[in-house]
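Q: Chain residues, written in single-letter form:
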Amino acid sequence: MRALVAALVAAFLMLVPAMLAAQTAARSVAEILVENRALVEKPSRQSIGPVIAALAGSGDPQAATILAAWADRGLGQRKSDGGFFLIAPNADGYALTALDGSDAGTATKSEITELRPNSGVRGLISVALVQFRLTDPDPARRAEALATIARDPAPELLAPLRASLDGEADPALAAQKDRLNRLLTLRFDPDSAARVAAIDSFSGDLGLDLRAALNPLLATVRKTAPLAAQIDGNIARDLTPGDDLPQGEAYDLLVAANLAPARLSPADLKAALVANIVNGQVAGTPVAVLNTQVARNAAYTALEAAGSVPLAATDEEVTQAVAAHRFAEVYSEPDPAVTTAATRVLKAIETKLALMQAADLGLDALSLASIYFLAAIGLAITFGVMRVINMAHGEFIMLGAYTGYVVQLFIPNYTLSLIVALPLAFAVTFAAGVAMERLVIRHLYKRPLETLLATFGISIALQQLAKTVFGTQARPLTSPAWLDGALSFNDVVQVSYIRIAIFVLALVFLVVFLFIMQRTRLGLEVRAVQQNPSMAASMGINPDRINMLTFGLGSGIAGIAGIAIGLFAKVTSELGSDYIVQSFMTVVVGGVGNIWGTLAGAAMIGGLQKGIEFLNPSNTLAAQTYMILFIILFIQFRPRGIIALKGRAAGD
Amino acid sequence: MTRSFLARNPSVLVFLSILALFTLGVTLLSEAYGTALISTSFIKTLGKTLCLCLAALAMDLIWGYAGILSLGHMAFFAIGGYMIGMWLMYARTEEIVVAALANEPLPATAQEIQNGIAGQIFGVVGASELPPVWLFAHSLPLQLLLVVMVPGLLALVFGWLAFRSRVTGVYLSILTQAMTLALALYLFQNDSGLRGNNGLSGLQNIPGLAGVSQAAVSVWFLWASAAALGFGYLLLAWVVSGKFGSVIRAIRDDEARVRFLGYSVEGYKLFVFTLTAIIAAIAGALYYPQAGIINPAELAPIASIYLAVWVAIGGRGRLYGAVIGAAFVSLLSSWFTGGRAPSIPLGFYTINWVDWWLVLLGLSFVAVTLFAPKGIGGLFDLVQGLRRPDRKGAALGPDDGALMEREAQE
Numbered sequence: 006m007r008a009l010v011a012a013l014v015a016a017f018l019m020l021v022p023a024m025l026a027a028q029t030a031a032r033s034v035a036e037i038l039v040e041n042r043a044l045v046e047k048p049s050r051q052s053i054g055p056v057i058a059a060l061a062g063s064g065d066p067q068a069a070t071i072l073a074a075w076a077d078r079g080l081g082q083r084k085s086d087g088g089f090f091l092i093a094p095n096a097d098g099y100a101l102t103a104l105d106g107s108d109a110g111t112a113t114k115s116e117i118t119e120l121r122p123n124s125g126v127r128g129l130i131s132v133a134l135v136q137f138r139l140t141d142p143d144p145a146r147r148a149e150a151l152a153t154i155a156r157d158p159a160p161e162l163l164a165p166l167r168a169s170l171d172g173e174a175d176p177a178l179a180a181q182k183d184r185l186n187r188l189l190t191l192r193f194d195p196d197s198a199a200r201v202a203a204i205d206s207f208s209g210d211l212g213l214d215l216r217a218a219l220n221p222l223l224a225t226v227r228k229t230a231p232l233a234a235q236i237d238g239n240i241a242r243d244l245t246p247g248d249d250l251p252q253g254e255a256y257d258l259l260v261a262a263n264l265a266p267a268r269l270s271p272a273d274l275k276a277a278l279v280a281n282i283v284n285g286q287v288a289g290t291p292v293a294v295l296n297t298q299v300a301r302n303a304a305y306t307a308l309e310a311a312g313s314v315p316l317a318a319t320d321e322e323v324t325q326a327v328a329a330h331r332f333a334e335v336y337s338e339p340d341p342a343v344t345t346a347a348t349r350v351l352k353a354i355e356t357k358l359a360l361m362q363a364a365d366l367g368l369d370a371l372s373l374a375s376i377y378f379l380a381a382i383g384l385a386i387t388f389g390v391m392r393v394i395n396m397a398h399g400e401f402i403m404l405g406a407y408t409g410y411v412v413q414l415f416i417p418n419y420t421l422s423l424i425v426a427l428p429l430a431f432a433v434t435f436a437a438g439v440a441m442e443r444l445v446i447r448h449l450y451k452r453p454l455e456t457l458l459a460t461f462g463i464s465i466a467l468q469q470l471a472k473t474v475f476g477t478q479a480r481p482l483t484s485p486a487w488l489d490g491a492l493s494f495n496d497v498v499q500v501s502y503i504r505i506a507i508f509v510l511a512l513v514f515l516v517v518f519l520f521i522m523q524r525t526r527l528g529l530e531v532r533a534v535q536q537n538p539s540m541a542a543s544m545g546i547n548p549d550r551i552n553m554l555t556f557g558l559g560s561g562i563a564g565i566a567g568i569a570i571g572l573f574a575k576v577t578s579e580l581g582s583d584y585i586v587q588s589f590m591t592v593v594v595g596g597v598g599n600i601w602g603t604l605a606g607a608a609m610i611g612g613l614q615k616g617i618e619f620l621n622p623s624n625t626l627a628a629q630t631y632m633i634l635f636i637i638l639f640i641q642f643r644p645r646g647i648i649a650l651k652g653r654a655a656g657d
Numbered sequence: 085m086t087r088s089f090l091a092r093n094p095s096v097l098v099f100l101s102i103l104a105l106f107t108l109g110v111t112l113l114s115e116a117y118g119t120a121l122i123s124t125s126f127i128k129t130l131g132k133t134l135c136l137c138l139a140a141l142a143m144d145l146i147w148g149y150a151g152i153l154s155l156g157h158m159a160f161f162a163i164g165g166y167m168i169g170m171w172l173m174y175a176r177t178e179e180i181v182v183a184a185l186a187n188e189p190l191p192a193t194a195q196e197i198q199n200g201i202a203g204q205i206f207g208v209v210g211a212s213e214l215p216p217v218w219l220f221a222h223s224l225p226l227q228l229l230l231v232v233m234v235p236g237l238l239a240l241v242f243g244w245l246a247f248r249s250r251v252t253g254v255y256l257s258i259l260t261q262a263m264t265l266a267l268a269l270y271l272f273q274n275d276s277g278l279r280g281n282n283g284l285s286g287l288q289n290i291p292g293l294a295g296v297s298q299a300a301v302s303v304w305f306l307w308a309s310a311a312a313l314g315f316g317y318l319l320l321a322w323v324v325s326g327k328f329g330s331v332i333r334a335i336r337d338d339e340a341r342v343r344f345l346g347y348s349v350e351g352y353k354l355f356v357f358t359l360t361a362i363i364a365a366i367a368g369a370l371y372y373p374q375a376g377i378i379n380p381a382e383l384a385p386i387a388s389i390y391l392a393v394w395v396a397i398g399g400r401g402r403l404y405g406a407v408i409g410a411a412f413v414s415l416l417s418s419w420f421t422g423g424r425a426p427s428i429p430l431g432f433y434t435i436n437w438v439d440w441w442l443v444l445l446g447l448s449f450v451a452v453t454l455f456a457p458k459g460i461g462g463l464f465d466l467v468q469g470l471r472r473p474d475r476k477g478a479a480l481g482p483d484d485g486a487l488m489e490r491e492a493q494e
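Those protein sequence lines, which keep their order, are chains P and V. Take any residue in the first sequence, count from 1 to its spot, add 5: that is its number in our numbering. Take any residue in the second sequence, count from 1 to its spot, add 84: that is its number in our numbering.
Treat the hints as calculated values from the structure; they're not laboratory data. Note that the coordinates shown come from a computational prediction; the quantities given were computed from them, not determined experimentally. Be aware that one or more of the hints could be misleading.
No farther apart than 30 Å at their CA atoms in a straight line, the calculated lysine-lysine pairs in the DSSO-like style are these [what the hints assert, rightly or not]: (1) Lys-84/P with Lys-47/P; (2) Lys-357/P with Lys-451/P; (3) Lys-575/P with Lys-472/P; (4) Lys-451/P with Lys-327/V; (5) Lys-451/P with Lys-476/V.
Here are some of the chain V residues that sit facing chain P, going by a computed Cβ distance under 10 Å [said to hold, decoys possible]: (6) Leu-190; (7) Leu-245; (8) Arg-248; (9) Leu-269; (10) Ala-451.
C-beta: ideal position from N, C-alpha, C; glycine also.
Next up, chain P with everything else stripped away, as it sits in the complex:
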């Protein structure tokens, strides 16, 4: 009886929209509301749909305002006569506006019942409102509505979207609407041909939104059926147990489909045995010997024979059951034409995507390489040209970064502070480098291993000093606003402006280094001292002064690199030690004493690391490990690096 009533009510509700549609042509919103007063007063998601549709389709210019007000608790009912008004809270209670837009005075709070639709109903109202927003005269509102649809696509949005296509005047918005229309069509249109056409229209598109729309179409589930029967649905591919479907998983599918009894897990078996312990024995076997799986299986078989436990599937039965069924992956999308088209288009996209990802990876590698190059270029001078192992190089990088941080404390304008910090960082680390050269390294020029240890001592002292002064927590070095964001070529290939800036900085340093070394008096003298200090000295060059300046230059560049690194990494006292080993490897792999070698080394290390990360994206630690192993092997084949100096310049 109740079922019959429910069915009748349902049938009536389905008739309502048709009746309303017939009646509502050119009627005012007020009339519709009054007619459906009962539904409006106590709306529910199931029943209110036709009323909202009628309101939206009424053609009343006030319809959008009233719907929006309804969803936003801005619609009220006067208790005395049941009339609907737009309400706005004021000092007395509510200011009332009649539904045709005219002022209707005020009312106290007790005279008015606020209409409070629940969230389901509000959802329906907002869908209905979309069509008003899509045709809103304000382009910003229209763009907003499009963004809403793109975020939560739903079948019922398709009709209003299509209706708004023709009237769109703004060409950009029109293109956006057209794209969104096709995206919705390929998912929700009832006509298969229209969906296929929509899918094909996207061929070669790289948009993330397209992939997000296509992928759900190709979602599959695994299904099984007895050999005699067919698997219904849109089959993606047949699965062969043991080949592309493990035996165990195949049997689990059978169990899930109630086509076979569940298998006995070791834990269940154990529980069954424990439940059947009688006088320290299970089916005649003493408990003490049940310490192997074989003995336990035997005991269970004995229990099965006695009928005290349910039969469990043996391995043989499992094999038989699996062999007696067919397995397939089935698309959840029932239409084969759509899935075929989607597969075709996705495949084309994937090829293009792979190319784009390779380009993106190349950009990533380039940016990592420029970071390594920046960190290593100072070392290329001190280690490469002077053969001095400066373990404190990393701490000079840190010093530069902290200089940038301190400058930002005094100059709040980030652009200006950066302009001040760059030369200041150079000056600070230049001074530190010169001091260190004068005090320590000068005495150890013939002793590279001792230099290594002495500069290490300075390194730990500087690190600890930084920790004492600035604390252990990371300090921010904020980049100016014009460096925020990313240069985006499409949804796949993009590179942040900071990385571009670092790349440019690396290029600038390369040019400056080459200019100093090749075109200036200082560079000439540096090269002369590097090749043969005593001969250089007899030519009137002061090797002491040159060594000091060279070391200062290398250290100063480390300071500027510190600011660049600090812009994208947090400034801590360990900042430098994170880069020191990589920097040394960059110089050694590239070839000592040659700036082009350092460049090649940085490119190789950066490219390798990104390449390995691409093959194993979840694990950057492994990437670094394998990269270092590769470098150790590489040194075997080119012990002097990629670009090895020859002859006199090689120094031995």
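Dock chain V against the given chain P, drawing on the hints supplied.
A: Just chain V now, with coordinates in the frame of chain P:
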């Protein structure tokens, strides 16, 4: 040539007797076997220091005698610790799991015990199966063999690759440092099979010795560490005193000339590199049960540089120098960082040694390198009236690792 080994090396007898006296003294002052004047934790510190001394001995052989500044020996030290730690952790967990499963109504199968151990050990990294590297962890003899074999083979392969392609001097230092970093990064991964950055812990609980107090166990480990140090000293003194020692010193000072004389320089270097790696690994295997925990941070390249620092401060190229340096610096370090050193109030600022100790160490290290290349060991030369060779200010040889005139002894 007829003089006996001990007569040629008087320092051996002196060193061994001091070590024996020290061990006896500590034992008599310990909580377990004496007057309880020294706390158990300090006995552990002393035991650990002895292990560090042994590692420093190995470092002295490779750097002070053979001139190879390896920045990777603490990696071998840590690998030794990992190898013994695997057995300690496995056996200890097995005891716990077996005890827990004994309450079950059915006796446990071998598989259940295995699963229980794996779950206990690898639960923290989200795995539940024993990785293949734990294949031998159930057996103490096999794992002890691995303490020697794994670092030995690693050193052999790495050394063969490096020496074969004539990587020397600072390049070798950087390469060994890279190897250490690669190892550390590898172990930091959770799927390395050694619990990632959690490392191995609870190593101070020796399986089968649940009834023995930590006070007694710590003294036993002190004895074992002292014995290992004594044997290590004896072995290395013997190695460096014969012809072999002369050859490796010659390689240190002038490798090319030794090669022209017909010696297989690579063979000698490879032997020394592997031998010292094994000694460092044994030291590590004794150290970590006393420390109780090992994690990949112990492999950080900086640890190996510290090892070189100890040897340099003690005086390289003399075995007792390495021991003195390691003992002096590591004990001083634990005194300063343990907060026991009194702070120095300067009125406007108070020097807190926990913060400033590293600064002091770094600067004193620079000072030793510059002004006292002989290190602390040089004091003994003063007492004995030993002079340094007269090279007119030049080093003993042209190589990077050669001894300076000022640090050599005649």
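Q: Look at each hint and say if it fits the structure.
A: Taking the hints in turn, this is what the structure says about them:
1. Lys-84/P with Lys-47/P: Holds, at roughly 15 Å.
2. Lys-357/P with Lys-451/P: violated (57 Å)
3. Lys-575/P with Lys-472/P: Holds, at about 14 Å.
4. Lys-451/P with Lys-327/V: holds (29 Å)
5. Lys-451/P with Lys-476/V: holds (15 Å)
6. Leu-190: holds (5 Å)
7. Leu-245: Where the cut-off is 10 Å and the nearest Cβ of chain P is about 5 Å from Leu-245/V, the hint holds.
8. Arg-248: holds (7 Å)
9. Leu-269: Constraint on Leu-269/V satisfied, holds at 5 Å.
10. Ala-451: Given a least distance of 8 Å, the restraint on Ala-451/V holds.
Taken one by one, the earlier hints fail for this structure only at number 2.
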